[in-house]
Structure formats: structure tokens, C-alpha cells
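Going by this note's numbering, the first residue of the sequence shown is number 13, and it counts up by one from there.
Hint data in this document are derived by calculation from the structure and do not stem from the laboratory. Glycine residues also receive a C-beta, built at the ideal position from the N, C-alpha and C atoms. Any given hint could turn out to be false.
As the list claims (entries may be wrong) - Listed next, with one range per pair, are the computed distances between beta-carbon atoms:
| no. | residue 1 | residue 2 | range |
| --- | --- | --- | --- |
| 1 | A180 | A152 | 41 to 47 Å |
| 2 | I148 | A180 | 46 to 52 Å |
| 3 | V169 | A25 | 39 to 45 Å |
| 4 | S44 | L76 | 19 to 25 Å |
| 5 | E84 | G119 | 25 to 31 Å |
| 6 | E198 | G154 | 55 to 61 Å |
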Amino acid sequence: RPVLLGVDGGADALIEAGYTPDLILGDMDSVSDEALSFAATPPRRWFRRRQQTELVLHAYQHGLAPGRERLEALGVPFRVVEAAGTSEDAAFLLAHEKGAETIVAVGSHGNLREFLDKGREGMSSTFLVRLRVGEILMDAKGVSRVYSSRIRTRDAVLLVAAAMVAIAAVVAVSPPLRLYVSQLFEQFRQWLFDLRELL
Numbered sequence: 013r014p015v016l017l018g019v020d021g022g023a024d025a026l027i028e029a030g031y032t033p034d035l036i037l038g039d040m041d042s043v044s045d046e047a048l049s050f051a052a053t054p055p056r057r058w059f060r061r062r063q064q065t066e067l068v069l070h071a072y073q074h075g076l077a078p079g080r081e082r083l084e085a086l087g088v089p090f091r092v093v094e095a096a097g098t099s100e101d102a103a104f105l106l107a108h109e110k111g112a113e114t115i116v117a118v119g120s121h122g123n124l125r126e127f128l129d130k131g132r133e134g135m136s137s138t139f140l141v142r143l144r145v146g147e148i149l150m151d152a153k154g155v156s157r158v159y160s161s162r163i164r165t166r167d168a169v170l171l172v173a174a175a176m177v178a179i180a181a182v183v184a185v186s187p188p189l190r191l192y193v194s195q196l197f198e199q200f201r202q203w204l205f206d207l208r209e210l211l
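From just these sequences and the hints, can you work out the full model?
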């Protein structure tokens, strides 16, 4: 089953789209209080949530975690993971280490323009993390190209033809169905004849 992991403000985007994040990870600077309170609310039995959302605070080197005071003030339970780099990098590494078969990134950063932008801090860690998880990492746009749900015309024609052959075989084998189909055909011919008389 897919695990929904919201990184900082991505948790709000998941909740607004009607999804329940399984895990919210980040330094908690851009997550709304509503999302954090939603995550802290224990699941109800009648509600179809899988489990309570887990909060993971991303701490930088030496345990510096800017969002710790905010989470403690809200009184929500959380865990701390210490990792260099961005919260997005920590999320990718966490998913990789927990055995994710595929990571689908929605709204992530790390395109060529950002790599070449000299003012962007933390891109070196992003580059290394992408090297580490690259074999299982896909962008959401790439997933839509790989798994196309569009039905080709040729496939639809083949499906209809196969259905017609199956129906014809059943009608040919069953005398009552043959009689019923011949009556329908005669009614259709009579309707066409009556229509021609009216015109």
C-alpha cells in the first residue's frame, strides 16, 4: 500500500486534497497548526483512516531543530531525526531506508536550474541523496507518462469485436436466443418500413 509522506507544507496540500498523510516530516516552519493538530488527533474507529499520522521533526547538525518549540507548545507527540541537508532529502532517505519500492515525488525540488543556481543552499546534499535513491525515485509527471490510462482506439475496437464474436457464438448455440434475436430483427425491419412510409 502507498505511504503518504508530507514534507513541511506538503502535509497541508495532502490534507486539502482529501488525503491523510501517514507521516509528516520537516523542520515544521511551513506546516499549518491545523495540519499538526489533525496529525495529533487520534483516529476514530468508524473513520477509515489507517493509523495516526506520525510527526517527525527534522533536526540539523548538532541537534538544532527550529520547530521543536512550536511542537512542544502545541503539545503534539513527535520524533526527531537528525540529518544534514533539506527536509526533502531526509524524507527521501527515510523512505529509502525503510524499504520503499518506489518513491513518487510530487512538488519536489531538484531540477537542473536549481542545481545550477549558486544561491541555493543544500543542493549538494540533494544531489547526493538523488544519487542514493535514484533507482527508485520518480517524479509525478514521469509516473503519468509511464502509466498511461488512455485507451487506444485499436484496443477498443478489438474489445468490441471480441464481445460481438462471443455474443454471436452464444446466439448461434442457443435456440431460444436465436428466436429472440430474429424477432428483434423483424421488429427493427418493421420499424424501418414504417419510418419509410412516414417520409
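(request) Hint by hint, work out which the structure violates, then give me just those numbers in ascending order. (result) none
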